[in-house]
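With chain A fixed as given, assemble chains B, C and D onto it according to the hints.
Number of protein chains: 4
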Amino acid sequence: MTANWGRWGEDDEIGALNLITAEKRLSALQIPTTGQAISLGQDIQAAGVPMAQDGIRGFHLRPAHSMMYDGGDEASGCSTRGDNYFSAEDYLGLRIHGVTTHVDALSHGWKDETLYNGYSRNVINSFGAGKLGIQNATNFVTRGVLFDVARAKGVRSLAVDQTVTVEDLKACDTVPLEPGDAVVVRTGWRNVYYDDPETYDQLAWPGLDFEATSWLAAQDVVLVGADTVGVEFAAPGFVKGGSRGHGLLLRDYGIYILELLDLEELSAARTNEFLFMMAPLRITGATGSPVNPIAVV
Amino acid sequence: MTANWGRWGEDDEIGALNLITAEKRLSALQIPTTGQAISLGQDIQAAGVPMAQDGIRGFHLRPAHSMMYDGGDEASGCSTRGDNYFSAEDYLGLRIHGVTTHVDALSHGWKDETLYNGYSRNVINSFGAGKLGIQNATNFVTRGVLFDVARAKGVRSLAVDQTVTVEDLKACDTVPLEPGDAVVVRTGWRNVYYDDPETYDQLAWPGLDFEATSWLAAQDVVLVGADTVGVEFAAPGFVKGGSRGHGLLLRDYGIYILELLDLEELSAARTNEFLFMMAPLRITGATGSPVNPIAVV
Amino acid sequence: MTANWGRWGEDDEIGALNLITAEKRLSALQIPTTGQAISLGQDIQAAGVPMAQDGIRGFHLRPAHSMMYDGGDEASGCSTRGDNYFSAEDYLGLRIHGVTTHVDALSHGWKDETLYNGYSRNVINSFGAGKLGIQNATNFVTRGVLFDVARAKGVRSLAVDQTVTVEDLKACDTVPLEPGDAVVVRTGWRNVYYDDPETYDQLAWPGLDFEATSWLAAQDVVLVGADTVGVEFAAPGFVKGGSRGHGLLLRDYGIYILELLDLEELSAARTNEFLFMMAPLRITGATGSPVNPIAVV
Amino acid sequence: MTANWGRWGEDDEIGALNLITAEKRLSALQIPTTGQAISLGQDIQAAGVPMAQDGIRGFHLRPAHSMMYDGGDEASGCSTRGDNYFSAEDYLGLRIHGVTTHVDALSHGWKDETLYNGYSRNVINSFGAGKLGIQNATNFVTRGVLFDVARAKGVRSLAVDQTVTVEDLKACDTVPLEPGDAVVVRTGWRNVYYDDPETYDQLAWPGLDFEATSWLAAQDVVLVGADTVGVEFAAPGFVKGGSRGHGLLLRDYGIYILELLDLEELSAARTNEFLFMMAPLRITGATGSPVNPIAVV
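Listed in order, the protein sequences are those of chains A, B, C and D.
When we follow our numbering, the leftmost residue of the first sequence carries the number 97, and every step to the right adds one.
When we follow our numbering, the leftmost residue of the second sequence carries the number 97, and every step to the right adds one.
When we follow our numbering, the leftmost residue of the third sequence carries the number 97, and every step to the right adds one.
When we follow our numbering, the leftmost residue of the fourth sequence carries the number 97, and every step to the right adds one.
So that you can see chain A by itself, here it is in the shape it has in the complex:
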């Protein structure tokens, strides 16, 4: 399956982002009616926010924010400047995937040794992704469409073993999808982190089944996001199959994935259509970026 390979040229590195045309942007800017801006990103902290389990796939690093210069230094008589003005310095250490809201670049996932558009997975080595790095995808300004599955089902959160099917998506009664739309799916699973941390911590979550993922991909969306670690349904144990949809979206279609969204405030705004804006950090060779997407309604 190589759905969109070659569609935007043999050398293309941005995939479905090609679907966000100037016209699409101008059209999306006309959507907002109230002017309310809603952040869909979560706070970046070492603890106290939803993230993947410590130790998953061998990774143990949580976000690390530290100060290289702070008010205490001045209090103790130190100064790095010659005048009466002081300024702080920060350091951020961040595993990009799994610990905060982030977008997956098209280089993030592969199958049968190939990435989107046929690039070899060998272009990704210790120095980063030689192709399809996130720096190629500098901005997403488009229409956002919310599938508020939890609201449609009248629950605070889907259950851990609940998949989101095509029927579930259609039941959301949202606007018809158009090419270049940014789709976000709300399961409410984020609430479980706060309601019942132990259940959240089992490394399983509700999400799209493969058919639903395929249905979205076939409609030429630019990205699919969710309020879980993995967008797709993950049965307890995180075993085979859980990443099949990643392969379909990233590799076959060149569609971006957005994870660990906070969709609670957007849900409360009760609109399924909005202006979506996201600007990944231009990290050369990265296979993703932390982001703080904004919805204007």
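Treat the hints with care, since some could be wrong.
Identical copies carry no separate label here, and so any pair may be met within one copy or between two of them.
In the DMTMM-like style, the derived pairs of lysine to aspartate or glutamate whose C-alpha atoms are separated by at most 25 angstroms in a straight line are [to be verified]:
id, residue 1, residue 2
1, K266, E369
2, K120, E369
3, K249, D305
4, K249, E369
5, K266, D297
6, K227, D139
7, K249, E106
8, K120, D305
9, K249, D139
10, K266, D108
11, K227, E361
12, K227, D316
13, K249, D292
14, K120, E209
15, K227, D291
16, K227, D257
17, K227, E294
Hints listed in this document are in silico derivations from the structure and should not be mistaken for laboratory results.
Just chains B, C and D, lined up with the frame of chain A:
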């Protein structure tokens, strides 16, 4: 001088961001005419892009992007998953100020032991900023106004010892400023990094003089940005006075500062008015965030 | 209490390390009879070894070892060299205290705003310890004395609520202490990490009571170490008092502290006297260093 | 060439370290006559000490020591403890090879896709070295032999284009080598860092030629160290051939390499034979470790 202290309440932590109202946003969305989206951020790399000198104020850390899992691992027979799908993992280590495009939070600078709105600089310790952290400023969607000083003067870049005065700003023939506007000032200094790296590396740059900074602040802008490390003029040696404008903007007025912008493409678009969108990462307690601001024209 | 302040001069920065004279070293070299060398350090890993709880005092960082160049890179066709020879590159990220075997420098702890020898705690700021940094203590080659409390009591480990008293130390039937000796106390608590991880993880451990700590300090030892996170007894909750002995040793006496030792193999060697060798990394301004002390018996 | 493969068993992971027997250790302990202990490690700092050029092989990271809790925090009113005692917390970020005194593990280098003892280079992936990791080599207590080439030639430092030949080694008039000896070669090149930084910074240095390396290897030494970044001679440009000796020592013979030593104080002690002690940090899967080797004379 405590210009805006108390203006938005004694407990306010977002300062001039209060000036971006829902109406301001809706109005800004109407500006674009072509739908072109321009990234104002620079690539994040360990070398090959403009940044502050190694060693300034004792800081030697350049951006570090490394791979925790990559294509080479699969090539050598390793797999962290049970199926035919693979995915990469990245790590980003980033000193926030000085090495890439970033916004200064209101907690970034202080004077006379106080921050914006009268908070003590003691709230900033090794665990971060207890007040005025960047996580409070989740998004900036507003009108952007470009002062293209280099173009107005007909030069590729201002000289290292050239200040930008109120007269220089007025000579840019741009739209009149209104409350909540995001102002970016183009000196062209970024070009010097590529044209003449040794000159760039001397830790001095052209920029706003104090009077020009004050003039902008008095017009209730939400932020002031530039294509240099420091927005303000910095005479060789980076000595006293160079940060006086930082104190005025951040601390006295609660106005944000945006540094190391890439304004070349925006300049080429030949419009001084645009839709400005920026979403800092919500790093709890950080005194700034790497950003990739977007202009839609 | 300022027991050893001024004893080795007003400017002294190495404290009890002054007690290891050339004669002391030559004498210690004569102790070994079998030539067996035993490592007292533990493996440095993100998981699977004893360490302090995640989150203690706000710190969440576990040891992070990553590869900046590896065999997989060559397997995928990358090479950083021009010939047939390849070499790897590693990165180590390490919180120094609490996650692996480490020595506390004399700058590590303070009381009443002062460090050992009367230095102000203000010398320790975001740039490190301006005085008493670990780089001053380049090596410890001396006699080691083991107090094998667990063996003396005939248990695999002391219980979590068990203190080690002066009587317990005296009951170990070891050699009389002499100035400059390196003392290590075995509680067996390390075994609990493997036997019963939940009990280990409660952030409490057996250890020296204050009287026993004082007794050791009064005998002019150069360091006191143990196979726990904190040497001193820590009652569940890690509340007041638990660090009183740290203050006594580091600050009052200038005696070093060594934590998270692995004393199992040394215990099995059944000798209480040995050649002790430890060489902290010379990290300028650090208040401690990871170490791998060696006992030769 | 697979000189020592299989010599200590097909599963051997420590190579020439097998040559340090209990008898060898006991014998080495008898060497010292004065009891003076000399550190052969350099200070770990971001700047101001010899290291490989920024950017070599794509690596830009210098040592990073930062404080996670310090005296300034207390000065500004913060405390992480409930009592009158405070303690600091440090973080160390360290690229292991090239920026400070370090030992190369046998997994550090490979040729023809194989490591020492025939292990595939594929065992080294993003999770570290699955075989031959430095944690296997817990300690080196043996006889040290100094070849003080600079002293023998009567120069402060060899010139950048000067190789150390077998004749040069023999001219040092030191003791005859025996199995298990730790050999350190002094070129004086370290002095050039302080005398003439620009010359030092050219990424070339004097060192062993391949014949001299082979001569040392053939005598069953356990390690070869030097006061340069690379032990072997490196002609300007760091091109082919410069790592041939690494392949011979690490891969063919299982002999360890020790780089960026400070041999000035040892040279001043005027003895070519000493007790050598080194304890690498037991970093699981690392291809090397920062070390601070100690000589007792």
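Checked hints:
1. K266 - E369: within (15 angstroms within a copy, 41 angstroms between copies)
2. K120 - E369: Classified as both: same-chain Cα gap 14 angstroms, cross-chain 20 angstroms, threshold 25 angstroms.
3. K249 - D305: Classified as within: same-chain Cα gap 17 angstroms, cross-chain 59 angstroms, threshold 25 angstroms.
4. K249 - E369: within (19 angstroms within a copy, 45 angstroms between copies)
5. K266 - D297: neither (30 angstroms within a copy, 48 angstroms between copies)
6. K227 - D139: Intra 30 angstroms, inter 15 angstroms, cutoff 25 angstroms: inter-copy only.
7. K249 - E106: neither (43 angstroms within a copy, 43 angstroms between copies)
8. K120 - D305: This pair counts as neither: shortest intra-copy Cα distance 29 angstroms, inter-copy 41 angstroms.
9. K249 - D139: neither (28 angstroms within a copy, 43 angstroms between copies)
10. K266 - D108: Classified as neither: same-chain Cα gap 32 angstroms, cross-chain 43 angstroms, threshold 25 angstroms.
11. K227 - E361: Classified as between: cross-chain Cα gap 23 angstroms, same-chain 36 angstroms, threshold 25 angstroms.
12. K227 - D316: This pair counts as within: shortest intra-copy Cα distance 22 angstroms, inter-copy 43 angstroms.
13. K249 - D292: within (20 angstroms within a copy, 44 angstroms between copies)
14. K120 - E209: Close neither inside one copy (34 angstroms) nor across copies (49 angstroms); limit 25 angstroms.
15. K227 - D291: Classified as neither; 41 angstroms inside a copy, 27 angstroms across copies.
16. K227 - D257: Classified as neither; 36 angstroms inside a copy, 40 angstroms across copies.
17. K227 - E294: Answer is neither; intra-copy 39 angstroms and inter-copy 31 angstroms both fail.
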